[in-house]
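Going line by line, the protein sequences match chains E and D.
With my numbering applied, the first sequence corresponds to residues 1 to 302, in that order.
With my numbering applied, the second sequence corresponds to residues 1 to 434, in that order.
Rather than coming from a laboratory, the hints here were simulated on the basis of the structure.
Please note that the accuracy of each hint is not assured.
[Stated by the list, open to error] Covered by chain E, per the in silico footprint, the following chain D stretches (three or more residues, Cβ under 8 Å): (1) 26-34; (2) 120-127; (3) 156-162.
[As the list claims (entries may be wrong)] Derived DMTMM-like pairs: lysine to aspartate or glutamate, alpha-carbon spacing no greater than 25 Å straight-line: (4) D:Lys72 to D:Glu347; (5) E:Lys240 to D:Glu347; (6) E:Lys299 to D:Asp35; (7) D:Lys378 to E:Glu161; (8) D:Lys368 to E:Glu302; (9) E:Lys299 to D:Glu29; (10) E:Lys299 to D:Glu155.
Every residue gets a Cβ at the ideal spot worked out from N, C-alpha and C, and that includes glycine.
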Amino acid sequence: MASEIKENSWPIMLSIGLHAAIAAALLLMTLVSADRVSSERPAAPVNAMVVDSQVLKSFQRAQAERAAAAQAAAQAAEQARAAEQARNAAAEEAQSARIAAEAKAATEKQAAAEAKAAEEAQAAAQAKAAEEARAAAQARAQVEARVAAARAAQEAERRAEEKRAADAKAAADAKAAEARRLAENQAKADREAELRRQIAEEEHVDAVEASPLRDRYLASLQDRIQHAWIKPPSARVGIKCQVQVTQVPGGEVTSARVSQCNGDAAVRQSIENAVYRASPLPEPPDPALFQRNFTIEFKPDE
Amino acid sequence: MNKSRTLALIALIALIVLAPRSWAGFVVEVTRGQDNAIPIAIVPFAPSAGDAGAFDVAQLVADDLNHSGRFKPMSRTDMIEQPHTGASISFDDWRRLGNDYILVGQLQPQGADRMTISFELYNVLNRQRLLGYQITANRSGMRLAGHQLADMVFEKILGIRGAFATRIAYVSVQGQVPNRVYRLIVADADDENRHTVMQSNEPLMSPAWSPDGQSLAYVSFEGRLSTIYVQTLRTGERHVVSAKAGVNQAPAWSPDGKKLALTLSTRDGNLDIYVLDLASGALSRITDDPGIDTEPQWSHDGKSLYFTSDRAGGPQIYRVGLQPGDHPRRLTFQGNYNARARLSPDESQLAFVTQEEGAYRIAVMDLKGRGDTQIITKGRFDVSPSYAPNGAMILYATRDRSRGVLAVVSADGRVQENLSSDEGEVQEPAWGPF
Numbered sequence: 001m002a003s004e005i006k007e008n009s010w011p012i013m014l015s016i017g018l019h020a021a022i023a024a025a026l027l028l029m030t031l032v033s034a035d036r037v038s039s040e041r042p043a044a045p046v047n048a049m050v051v052d053s054q055v056l057k058s059f060q061r062a063q064a065e066r067a068a069a070a071q072a073a074a075q076a077a078e079q080a081r082a083a084e085q086a087r088n089a090a091a092e093e094a095q096s097a098r099i100a101a102e103a104k105a106a107t108e109k110q111a112a113a114e115a116k117a118a119e120e121a122q123a124a125a126q127a128k129a130a131e132e133a134r135a136a137a138q139a140r141a142q143v144e145a146r147v148a149a150a151r152a153a154q155e156a157e158r159r160a161e162e163k164r165a166a167d168a169k170a171a172a173d174a175k176a177a178e179a180r181r182l183a184e185n186q187a188k189a190d191r192e193a194e195l196r197r198q199i200a201e202e203e204h205v206d207a208v209e210a211s212p213l214r215d216r217y218l219a220s221l222q223d224r225i226q227h228a229w230i231k232p233p234s235a236r237v238g239i240k241c242q243v244q245v246t247q248v249p250g251g252e253v254t255s256a257r258v259s260q261c262n263g264d265a266a267v268r269q270s271i272e273n274a275v276y277r278a279s280p281l282p283e284p285p286d287p288a289l290f291q292r293n294f295t296i297e298f299k300p301d302e
Numbered sequence: 001m002n003k004s005r006t007l008a009l010i011a012l013i014a015l016i017v018l019a020p021r022s023w024a025g026f027v028v029e030v031t032r033g034q035d036n037a038i039p040i041a042i043v044p045f046a047p048s049a050g051d052a053g054a055f056d057v058a059q060l061v062a063d064d065l066n067h068s069g070r071f072k073p074m075s076r077t078d079m080i081e082q083p084h085t086g087a088s089i090s091f092d093d094w095r096r097l098g099n100d101y102i103l104v105g106q107l108q109p110q111g112a113d114r115m116t117i118s119f120e121l122y123n124v125l126n127r128q129r130l131l132g133y134q135i136t137a138n139r140s141g142m143r144l145a146g147h148q149l150a151d152m153v154f155e156k157i158l159g160i161r162g163a164f165a166t167r168i169a170y171v172s173v174q175g176q177v178p179n180r181v182y183r184l185i186v187a188d189a190d191d192e193n194r195h196t197v198m199q200s201n202e203p204l205m206s207p208a209w210s211p212d213g214q215s216l217a218y219v220s221f222e223g224r225l226s227t228i229y230v231q232t233l234r235t236g237e238r239h240v241v242s243a244k245a246g247v248n249q250a251p252a253w254s255p256d257g258k259k260l261a262l263t264l265s266t267r268d269g270n271l272d273i274y275v276l277d278l279a280s281g282a283l284s285r286i287t288d289d290p291g292i293d294t295e296p297q298w299s300h301d302g303k304s305l306y307f308t309s310d311r312a313g314g315p316q317i318y319r320v321g322l323q324p325g326d327h328p329r330r331l332t333f334q335g336n337y338n339a340r341a342r343l344s345p346d347e348s349q350l351a352f353v354t355q356e357e358g359a360y361r362i363a364v365m366d367l368k369g370r371g372d373t374q375i376i377t378k379g380r381f382d383v384s385p386s387y388a389p390n391g392a393m394i395l396y397a398t399r400d401r402s403r404g405v406l407a408v409v410s411a412d413g414r415v416q417e418n419l420s421s422d423e424g425e426v427q428e429p430a431w432g433p434f
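In isolation and in its complexed conformation, chain D is listed as follows (with noise of 0.2 Å):
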């Protein structure tokens, strides 16, 4: 009897105590992650057959991937087997190797000058198919297939539109006086397939894209004169759009292609922004100081300019809208030394060169927030700095071994890459339109 009330005692206890539990309160809270690059393998592609020589297309992707500092691609002396199909890929030894991501794919000739890229990415963790495409081209477009193939993989992976098959222009110095040679240069992305758009043995500077990627702004002392050129990259035909007395300097496409934002001076020296219609060659003045006011930038509804002014003492980057009447607004005051702004593509940040500790960086303000601004880059004489078009990389100048070279950093700071090239001394990139 006893024991049996015990018994009935202990299960009601246990039917309390029992009841159905709630794990609603265990919740790992996770604040921070890494800025590591993404482990892909980018297999090598099958070749079609008796076409040893084909392009290799999984290469230059893989370039491209790393040159973004957001990927690591997995070097292929590593790899185990090559798989050229989504159906041949052994999910384990690839994740055992560390891969986030595969890349597979082949090529096959269509008729004599033809090829077509198939190609699969395939996350490793979850095996799930991202991409399955084929792409055409023939042998002399081969290059940019694989640029594009790389923008789908870097759009897929991390949500921002590639940018490798865009291009850049530049301007390469080599020899000295009286021998040196200005070189303006339009490249792919990579640095790779370039072209000499224009030379001369007085200086480039300053080259523009036009919004449509058709044409290039620029300016050449060919004269002994500054004098602004637009030059039609497909026919290589250029007019003169500004040469004025004195300087014409610093030419900037609104956003619709119809106008240069320009610096030009008066007869005393005073440097200040217009801007020039270029259908009826009509100039408008936008800034009237004493100091100089030069490097104008378009915000991108088109309605007001981003400018360098020593108006306060040293260089600082201010606003001003272009209804009349407009005054001019500072935008930085950290430091003694802001200059040459650039606005990103979806215009929350602003890119510009600072000086810090006597050396020039990249800096980027935020322009939603509350204005922080951001030292970027670590170089001595890091300058030009110019958005990709996709936001997430920033083109610049700088210097390797007392070389002028170009280098790239993500809008945020967090990747850093020199771009090799044997161009001489590297000046002014900018990067160009999707």
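This is chain E alone, in the form it adopts within the complex (with noise of 0.2 Å):
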């Protein structure tokens, strides 16, 4: 009983402090808290605190019970104690003796023959390194020489490789070279024909244009737009009004805007209006002829 409690006393020791720490910190932010939260938290902590504190004063009046007891049966078992172990001492004393004699004598008869399988042992060594060191030299010279004949393939291979690339380029070079300079002849001669083709294409409208083509076609306009034309009871003679038009390609007329005009509002809507229905207008006997934007100046001779 004595001893548990003197195994025990450390872990005692510790829940004492333990609960006189928890102890103290409840107190601590009792108050601590007290002062924030008084009026939201009332007496629970402080309570608490009492009946920690009781617990702590009984623990300690078991400890001093307990060591006070464990004390006066230790010194019993010491005394007892003490007188075997003289009683054995002296056996113990005698048989070391002999076995010491018995031991020394074994132990000289093992280490001579020990020193004898250790020279054996030294010579087969030092046989067996220089053997393993000839091995390794030998091993060495045979993968060095495996590498070095690797590396001068992989080199081989490079520059062959190189070679074959800057021979490669070269004929791309050449290539590309040869490329552009047929591309250039092909963009000269492209604009020198575009060149020929839009003056041949201005030869032919002033050819056109001079021919009676260009009568022609006036002709046609002006017999779509005087038949569409109702004429206003103010578009008399001396009115004179022009009205310009844009048509698309197919003759449609996109805009007719009458500019100058001495005419009425009649006179302007009714010539504005002609325009549209005579849309689409007659197409150029030559297409070179179309004009997308043109006058027409009515002039009523009646």
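Fit chain to chain and form the complex, with the hints in mind.
So, in structure tokens, the structure goes:
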């Protein structure tokens, strides 16, 4: 019982300490929080502290009683053990001397055998080491030879590759240069052709404009618009109005706007309407004569 | 080297040739147009809810424009849809159907007796809205409102004030002697809405509108003798203004409405032109010639008279100033019969009856230029021309299957149309003022 208590004394102390620490912490928290939340939290933490302090006191009392009992029992046991030890010591001393003598003889014999064996082992080890060194050197030489061979092969391949690349690049460059040259020639030829074509077209336009085709186109436009113009009573002799017309290929009129006009609103409106009514306008006898923008002049002669 | 030099040369040529070209020389000249009627779609107006019997204003507008000869309203049966507002017009469709213009509208009742006509006129070709108005009228005024609407459309498109909302007067003769009945009739310009102003068993002749449109002067033989009356249309009251012995004939109002020019006879039967001051009754003699001088017509400044005289043989048109000592000047020289002159409202034309190939026809003479004369009708007996107040049309009397009817012809003779009339023999029409 006493030894149990002695063995458990650290845990007990720890327990007591922890309780004390908790109690102190609780007290501190209570004091700290009391200011802040006294109204919210009434007296519960204070009650807990009281309970803990009672537990602490009972532990302290029990510990003191147990310590006194343990001290008395320990003193009695110590005295009995000392007498027993003295008795056994004499017998053990005699036995030890005999065993020591026997052991010394055996040890000396074994040492001699071990020395001989060690000598033999060392010789064997030396031979083995020499052999291993030789083999290692041989192996290293072989590896080095293989590595060197591999490196040489790689290098050769790299060089070959470089050469191939260089050859290919040279070939490509040459081809590209040729292509560029051809393209430039073609572009030049195209430009020339385009210029020639434009000149030819302009010459053609000039030619057809100077030809009766132009008059034919003008006449067909005049005819179409005269048929579409419903003359208001105010469109009398002396009226002169111009309308700017925009058409798209196919003859559809997209815009008709009277510019200069000495007629009234009815005349202006009738003129614009005439152009829209005439849409689509007749197509030119030659596409080169197509006029996207042109002027129509209204000059009633009756 | 050689090649690039060639290229440079071509480029240089191209620069010169391709320099911006001017098309100023490309001008289409148009010197003639068509006398065609203008195609217009007059869509029936949306009737007001619960009023299926609402007056068909759109039909009246279409008839007016059609009678003018200058418009060709689209047949309703050809309309594939009937929009009532501009927002719902499919312009491309109406254009494909051949229309230049479209009129849409709707009627909305305003209380028990009034109607509002809302209408919009669009140019189909450029989609411009030309008119957007409302006219409110009571039910009995719907016809007049329709004529006013037609006037607006006419003016907007042709640039000429419309004269559909004006009145005409004429004499109708029915029955055989001794039961023959003469009526003086006032009607709308379309010869609808007729009212008999005066009725007699003896001849009625020569109705003439006062410049304010309130009164008519006319000749009545009701006492077996010719007498000139002035009658107020609104009240029907009338009074004698000239009942001289012999002939009292051909009254014509002065532009200010204060005087009448008329024809009186002297004791020996010679007819001369006089001017009567309506307020004082004072009479001044204008012509003094042994021949017949009659059918006077005032110049617009009130300072001279046009009249018919046979002093040179056959009847011809003369003009005389009203200042003492002014001598008549002859105006017509073509043909041996030119009579009953009427002056156009802008004084640019004189219309009169001429004889051609044995037929009587209406001729117009240019007063501004060289006095060119143009015969504008083709009937056998076209007489009594009278200008519409806008000068665009001339109303006259003609014969249709041996019956006297009214007809109209445009002042330039391009369009002519007979007005149907069931009022017997129609004589001496006179177109009233605006």
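Hint check results:
Look at the region 26-34 of chain D against chain E: 9 of its residues bring a Cβ nearer than 8 Å to a Cβ of that chain, three or more, so the hint holds. Under a criterion of three residues with beta carbons nearer than 8 Å to beta carbons of chain E, the stated coverage of the region 120-127 of chain D is upheld, 3 such residues being counted. Coverage of the region 156-162 of chain D by chain E holds in this model, with 4 residues showing a Cβ closer than 8 Å to a Cβ of that chain against a need of three. The hinted pair formed by lysine 72 of chain D and glutamate 347 of chain D fails the criterion: a straight-line CA distance of about 29 Å is larger than 25 Å.
Among the hinted pairs, lysine 240 of chain E with glutamate 347 of chain D is consistent with the structure: their alpha-carbon atoms are about 24 Å apart, no more than 25 Å. Proposed proximity of lysine 299 of chain E and aspartate 35 of chain D is supported: the alpha carbons are some 16 Å apart, at most 25 Å. Distance check on the hinted pair: lysine 378 of chain D and glutamate 161 of chain E sit about 109 Å apart at the alpha-carbon level, beyond 25 Å; violated. Among the hinted pairs, lysine 368 of chain D with glutamate 302 of chain E is consistent with the structure: their alpha-carbon atoms are about 15 Å apart, no more than 25 Å.
Distance check on the hinted pair: lysine 299 of chain E and glutamate 29 of chain D sit about 7 Å apart at the alpha-carbon level, within 25 Å; holds. With a CA separation close to 23 Å, the supplied pair lysine 299 of chain E and glutamate 155 of chain D stays within the 25 Å bound.
When held up to the earlier numbered hints, the structure conflicts with 4, 7 and fits the remainder.
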